Amino acid sequence: MSASATTAFLESLLAGHSAAPAGPLAWLNALRGEALERANALTLPTTRDEDWRFTDLSALYRLAFRPAGAAAIPTVVAIESFAVPEVAARLVFIDGRFAPGLSSTRAKAGIEVRDLASALAADDGFLRGRLAQLADHRDDAFRAINTAGLAEGAVVHARQNVAADGPIQLLFLSTQPEVATHPRVLIVAEDGSDVTVLEEYAGLADGAYCVNGVTEVAVGAAARVRHVRVQREAAAAFHVATSAVRLERDGSYASVSVALGARISRHNLNVVQAGEGATIALDGLALIHERQLADTHSFVDHARPHGTSRQLHKCVVGGQAHAVFNGRILVRAGAQLTNSAQQSRNLLLSRRAHVDTKPQLEIFADDVKCAHGAAIGQLEADELFYLRTRGLSETAARNLLTYGFAAEIVDRIPIASVAASLRKAVLEQTQAELGPAA
Amino acid sequence: MIRENARTLLEVRNLTAKVAGVEILKGISLTVRAGEVHAIMGPNGSGKSTFAKALAGHPAYEVTGGTASFDGKDLFAMPAEERARAGLFLGFQYPVEVPGVANSQFLRLAYNTVQGARGRDELDPLEFDDFVRERMKLLEMDPAFLDRSVNEGFSGGEKKRNEILQMALLEPRLAFLDETDSGLDIDALRIVAGGVNKLLTADNAVVLVTHYQRLLNYIVPDYVHVMDGGRIVKTGDKALALELESRGYDWLDKQAA
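Note that the protein sequences, when read in sequence, are chains A and B. Taken in order, the first sequence gives residues 1 to 438; the numbers are from the working numbering. Taken in order, the second sequence gives residues 439 to 695; the numbers are from the working numbering.
Please keep in mind that the hints were generated in silico from the structure rather than gathered at the bench. Here the structure is a predicted model, which is why all the values come from computation and not from measurement. Be careful, since some hints might not be right.
[What the hints assert, rightly or not] Using C-beta positions, here's what the derived DEER-type ranges look like:
| id | chain 1 | residue 1 | chain 2 | residue 2 | range |
| --- | --- | --- | --- | --- | --- |
| 1 | B | A555 | A | G101 | 50 to 56 Å |
| 2 | B | G459 | A | A371 | 34 to 40 Å |
| 3 | A | A341 | B | G459 | 36 to 42 Å |
| 4 | B | P581 | A | Q320 | 56 to 62 Å |
[To be verified] List of simulated lysine to any residue pairs, SDA-like, C-alpha gap at most 25 Å:
| id | chain 1 | residue 1 | chain 2 | residue 2 |
| --- | --- | --- | --- | --- |
| 5 | A | K424 | B | L564 |
| 6 | A | K108 | A | A416 |
| 7 | A | K424 | B | K456 |
| 8 | A | K424 | B | G504 |
| 9 | A | K369 | A | L330 |
| 10 | A | K358 | A | K108 |
| 11 | B | K511 | A | E394 |
| 12 | A | K358 | A | D49 |
| 13 | B | K456 | B | G504 |
| 14 | A | K358 | B | P537 |
| 15 | B | K676 | B | R441 |
| 16 | A | K424 | B | P537 |
| 17 | A | K424 | B | E590 |
Ideal placement from N, C-alpha and C gives every residue a C-beta, glycine not left out.
Please put together the full structure from these sequences, using the hints given.
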């Protein structure tokens, strides 16, 4: 990778940002300016960086992207397949821009759902000191680029002791090739609140586009946040994203992340247990085929005592696809009585499919319970035999077991219609990979 | 019930089989006719489970000699799924858990696959739901088990009931029940055995593989076979099971020697 190629790529990503006029908010201008400086100073990651060893972005760096032009806004009917009947509010973004006509922001009192541009324009003091506090843009070029252009995205705010009466859907649709977007999401769940957020990325365009997202989730004391993340980008897309989560005392954060799409995707999931007794549950599924690459890097930081974390990450890999999982768990010296369990389970459906999985435990407290395990394999002979003794053909048995392997994660999604739609997607993909049941 | 003119369902002659290169079955012969209940007993490692799995077609069990015909057809010429469709059922000692697949989904898939192969009508989800709930009553099973993943988190007894439920749905001609009684408390044993009894007709048959005479108080066998060292070393009636219970297996070795 020549320096000039990456420079051209970086410049194309930042082109849209520098054109943006300085706004009336001094703190925001300062933040953007600082991030822009970092974006220019940081080098883009390559496979020589330990954190990107298995994920080669050179194909991305060879492309030049432009900021989104005015997009034809799809009709409500055109995006009907993304409708989630259970939602209390929905924000739709077309090529990074908020589409008010497709959105409904009315949630109940105490649950405020706004698009970021409006929230910034309102200048009501909420965002200052909350936005860009959890995702570090100083050490990562992609986060720096996102932050340098901070303008569009979503803000979900649950006030103290308020429980949302339905999930909040944030839908990011890409409709134009060669466009780079930088969606930004901020979820603030105040003490004792309860909210479920569905963050969904999908492509309606063929051709390469790039989504570079950053999501920050602040979980207050005894608050509960359920976070469902579905990445169904178009086949040629690039998707790089960070979710940065911080939990206060007795807070609970449960996420289910599903990656089905994109040519190359990378999700950094960084969770800090900043308060005692907080509970973290991370479920992940990458279901990929052909020449896709899906990379998940998670980092659970147990900074305080009595924390619990449970993680199950699964990859189902067909064709010549490549899945990467790096699960880092840090138990700091003061974080006594931490209980942490991590499992990485991987199913290879073809001989050329590939998985790199790495648990990374760093334990500095002496009274903790930490378990981890990783398994890569094919289906078990005994499982296949069991189903065949019930009359299922070998292909049907393989299909069912593969489906079940993936569906175990999908079933943990707390929104029934989303789980049902993903079960269908999983079924279609496993059958396409393994052939129809005879 | 033994009847002179009953149709022969299974005829095994001098079966030998290997697992991982080791010969476990060393010449087994067994004839099962419609309407009969057989019990196969014997010490651990005598080859009982291997016999059942080899007949059901486990790919790890290599048949090295002998013949087996099922309802007149060459059993070993059929892959496992065809044996099942033809009416051979294996109730597993350790039923496999299938996370992510709802029990109802699995049961309906198995049922419809077997029905289709037998040229009978398949059931849509609603029809099947009625049908399976009816069958579950046989085993006093909570319908909540339909919504759970196949066998996942089921207790030992629940797994065994789920096995017999599958038998009830698939209506086999011949069922091999491999240690269906192990791990069951007395109430569960009574329910499971009662379910099996209700499924027995003059046209089908069951082979119980068991360690314990206790099961045979509930499902009364016409024949009791004792396996040892990969062979059937003795065959008797239900009295033999009682004798084994009180005397163990050692006296058979002396008798055979």
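Which numbered conditions among the earlier hints are violated in the structure presented, ordered from lowest to highest?
As far as the earlier hints go, 4, 7, 8, 10 are violated by this structure, in ascending order.
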